[in-house]
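Undergrad: Here's the letter readout for the chains.
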Amino acid sequence: MVFVEVPYSQGPSFFANLMIYHELGHYVFEKLGDTDDRRPAFTSLVAAMDRAFGENLSDTIKTPGNRAWAKRVLEAWTTEVFCDLFAVRNLGPAFSFALIDFLSLINLMGEDIEGKFDEEHPAPALRLREQQRCLQKSGWWASVEGLPSGHVSLMKRLAGKAEPEYFFEFQEKVIPAFTGAFLTILPLIHELAADVTPHSEGAAADFAQQAGKIDECLLHGVVPSSLLAEDNASSPTPVSMINAAYCFHLTNLPKLMDRLDGQRADDLRQRMKWAEKLEAWTVKGVEDSQLLAASAKSRTHDKSTL
Amino acid sequence: MTNKDETRPCGVFAREEILYRMALPVSDVRSLVITPLFDRDKAMDADSVDLRLGAYFLLPRSLPEAYFSPDQRTATSQHVKVHVPLGQYLVVPAHQTVLGSTLEFIKLPYDASGEILTTSSVARTFIVVETAPWIHPEYRGCLTLEIANVSNTPVLLYPGRPIGQLILLHVARALEPNRKIDSTYFGPIQPEAPPFKNPEEDLRKIGVRRTAVIRKGIVNEEGRFEAER
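The listed protein sequences derive, respectively, from chains A and B.
Each step along the first sequence adds one to the number in this note's numbering, with nothing skipped, and position 275 is 327.
Each step along the second sequence adds one to the number in this note's numbering, with nothing skipped, and position 135 is 638.
Some hints here could point you the wrong way.
Unchecked claim - Computed from the model, here is a short list of chain B residues facing chain A with C-beta under 10 Å:
id : residue
1  : M525
2  : S530
3  : G644
4  : P691
If you're looking for bench data, these hints aren't it; they were derived computationally from the structure.
The beta carbon of each residue, even a glycine, is placed where N, CA and C say it ideally should be.
Bound conformation, chain A alone (with noise of 0.2 Å):
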């Protein structure tokens, strides 16, 4: 069982809990450690972990206790990055969008601590740093770098965010050895999470594809399941369906409010009740899109038994 805590505010928000995915990268990591035959993408990061910590730390830290808490920590990271990792490369965007939103609402976004690793989490800089350079690998970060959105700014602006910057204090005092020792681990992180997901090449591609015809069935208030074709073939799929209403939730929901009558941007509550519409209709076109997903097999089932 993965217990998942959301604050309270957000539990009925569908875009908050697309972080869901970050925990199951958890449950990923923990089994990935599990098995007796390894993966050899999980093996390397080990081993690059164990140096990492040797060419960097092991001369600062001497003593058993110390040399054991310093390699948690390194563990710590490195599994919040691979979970973030994860993450992104099954759900594209929104997972950055989500986390932003997340990190902004308990106030770990500020400029004075977005570069402040703790003993279980690197920097929200640097999670995002490596979410945006994960998202250009795979092809999503053409699609939405254009956006006009303070999340997509945020994130090009992190990207280019000095590595001095980054700090870990432990005890009132900053060791900038173990965030040099975790910057020497990062790429192999990279490759562990592109190892297990490689069932997502090509989902930035039908977004580039099908973002448009969903952002138009958005715009006039229809749930996307009506660009489903019965045989699937040419249907976006619903990561191209969550991504795509992200990104109209943080650029175009004025514009659908301006097209009702007596609905205005600039009302808050309003506002939310579109915004929780909008979530409504992506929920439900998922939910269209597996249930023609299941109808298509189904009769393709029926035909081949007869």
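Here the structure of chain A is known, so what remains is to put chain B in place on it, guided by the hints.
TA: Relative to the frame of chain A, chain B by itself:
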């Protein structure tokens, strides 16, 4: 387009017109959306489209008061929302009504009204989709259905099964570009409780200055009535 003399089609949409309207892009005011539509050929008759029962319901709740007053405060407290996943069933007790919705999300064209009728096979089980079956032009959303069991026996409802037929009718109407759309019932995907105003607000609009109301409250220590906020 305000050419009043133009001959406009009238009557019920035939299958061919339904298909033509469904093929138009969603941005076209004449477009029709019905989604998801399983097995299109079987779902359509010569002049209607079969609709299925959705998975969300509003069940009537027993109220703490001996009455139900449709006003701003109580309108949302009348129902309990229930989700019945596909493959499961909802029991509708004898002589009770529940609110359900269609599985299909619908967008009507600007020049068509719709009517939902109980599928004849369902009607013969004494289940009736009641009283507010009319759908206005440009409506979009899953249709809220008042589903009444008028029999003497509890009846099982299975989400995903056919429940009604959608009939579309032409409305002679001129195109009004950039017209704002009414947002009251815009885009629901589940049955929705009605958004009431307080009765005195509605009646004041037609000149009624005094309205009898029942308000909950307490009598305070000084013996004065304080209405519950």
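Undergrad: Each hint should be assessed against the structure and marked as holding or not.
TA: Here's how the hints hold up against the structure:
1. M525: holds (9 Å)
2. S530: Given a least distance of 6 Å, the restraint on S530 of chain B holds.
3. G644: holds (8 Å)
4. P691: holds (8 Å)
In summary, this structure violates none of the numbered hints.
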